[in-house]
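Colleague: The lines below spell out each chain.
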Amino acid sequence: MADVQVDARGLNCPMPIVKTAQAVKGMASGQTLEILATDPGSTKDFAAWSKTTGNEMVEQTVDGGVYRFVLRKK
Amino acid sequence: MSETINFVVFSGTDDKLQALAVMSAGAAALGKQVNIFLQYWGLRAFTKASIDLDHGLADEAGADGRAAVDNLAKEGQASWADTLRQVKELGEVDIQACSLSMDLLKLEEEDLDPLVDGTEGVTAFYLNAGDGQIVFI
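Chains A and B supply the protein sequences, listed in that same order. Take any residue in the first sequence, note its place counting from 1, add 842, and you have its number in our numbering. Take any residue in the second sequence, note its place counting from 1, add 357, and you have its number in our numbering.
No lab work stands behind these hints, which were simulated from the structure alone. Treat the hints with caution; some may be incorrect.
Simulated pairs of lysine-lysine, DSS-like, Cα-Cα distance not exceeding 27 Å [unchecked claim]:
| id | chain 1 | residue 1 | chain 2 | residue 2 |
| --- | --- | --- | --- | --- |
| 1 | A | 861 | B | 445 |
| 2 | B | 405 | B | 373 |
| 3 | A | 861 | A | 893 |
| 4 | A | 886 | B | 373 |
Which residues of chain A face chain B? A few of them, derived with a C-beta cut under 10 Å, are [as the list claims (entries may be wrong)]:
| id | residue |
| --- | --- |
| 5 | 853 |
| 6 | 856 |
| 7 | 857 |
| 8 | 862 |
| 9 | 867 |
| 10 | 887 |
| 11 | 890 |
| 12 | 891 |
| 13 | 894 |
Just so you know, even glycine gets a beta-carbon here, dropped at the ideal spot from N, CA and C.
Put together the whole structure using the sequences plus the hints.
Modeller: So, in C-alpha cells, the structure goes:
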C-alpha cells in the first residue's frame, strides 16, 4: 500500500502530472505515491517525469484502460 | 537557477491559450521556471473583464474543431485559466503583461486578472528568459 494516492482517472493531459507533482511536493523523501490514470499519454508522460525529476518509478501496470503507477519520492 | 521556458503569448483564442496552459503545466511539473509574456490579444484575454468569456478558436478550427473543443469541455476538461491557476500553485510560473500592449489596449494593472504578476518591457523579458527557449504562441 502506497503512502499517498492520487486518482486521476477521467482527467485529460496535463492534469494527471499536475496532480502528481502537487502530491509529491507535500510528501517526505522515501514515501511512495500510487497514481491511477486513464489518459493514454500517461505511460510516456510518467516515465519522462520520473526520469527528469529523479522520483523513482517502482511499479507500472495497465488494467482495462487504467494505468497504475507507483513512484517513490527522491 | 533551473532552466527556463519562455512563452510569448500574442493570440487570445481559447485553443491557443489551452495549449499555453498545457505546455506550462508540463514544464512546471518538471521543475522548470516558466515565464509568460502577454501581448496584444493574448493580454486582452487575461483582463478581469474578459478572462471568463468565450474567446473563440483560431480560424483553422472550423465547425468540427469547435464541436471537438466543446465536447472536451463537456467531459470536464479544466479551462485554460483554471489550469494556469493550478500550475501557479505547483511551480515557478511568472506571468507578465507587455507594457506596450498595456498602452495599446489602454489597460491599467488593476484591469488584469490576478493570474498576471505585473507589467514589464521586452528587455526584462529577455533578461529573465536567459538562455532558455522562447516559444511564440
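Colleague: Does the nearest C-beta of chain B fall within a distance shorter than 10 Å of the C-beta of residue 862 (chain A)?
Modeller: 7 Å, holds
Colleague: Against chain B, is residue 853 (chain A) within 10 Å by beta-carbon distance?
Modeller: This hint holds: residue 853 (chain A) lies near chain B, its Cβ roughly 8 Å from the closest one there, short of 10 Å.
Colleague: Against chain B, with CB atoms and a cut of 10 Å, does the hint on residue 887 (chain A) hold up?
Modeller: 8 Å, holds
Colleague: Checking hints one by one. Is residue 891 (chain A) an interface residue toward chain B, by the C-beta closer than 10 Å rule?
Modeller: OK, holds: residue 891 (chain A) within 10 Å of chain B, min 6 Å.
Colleague: So, as I understand it, the hint says residue 867 (chain A) touches chain B; can you test that by seeing if any CB pair is closer than 10 Å?
Modeller: 7 Å, holds
Colleague: Does residue 856 (chain A) hold up as a contact with chain B if the rule is Cβ-Cβ below 10 Å?
Modeller: Where the cut-off is 10 Å and the nearest Cβ of chain B is about 4 Å from residue 856 (chain A), the hint holds.
Colleague: Given the hinted pair residue 861 (chain A) and residue 445 (chain B), is their alpha-carbon gap at most 27 Å?
Modeller: Holds - the C-alpha atoms of residue 445 (chain B) and residue 861 (chain A) are around 13 Å apart, at most 27 Å.
Colleague: Quick check on the hint: residue 890 (chain A) CB to chain B CB, less than 10 Å?
Modeller: 8 Å, holds
Colleague: Tell me if the interface restraint on residue 894 (chain A) is satisfied: Cβ within less than 10 Å of some Cβ in chain B.
Modeller: 5 Å, holds
Colleague: Can you confirm whether the C-alpha distance between residue 886 (chain A) and residue 373 (chain B) stays at or below 27 Å?
Modeller: 24 Å, holds
Colleague: Please work out if residue 405 (chain B) and residue 373 (chain B) have their alpha carbons no farther apart than 27 Å.
Modeller: 19 Å, holds
Colleague: Taken at face value, is the distance from the CA of residue 893 (chain A) to the CA of residue 861 (chain A) at most 27 Å?
Modeller: 17 Å, holds
Checked against the numbered hints listed earlier, the structure breaks none of them; every hint is satisfied.
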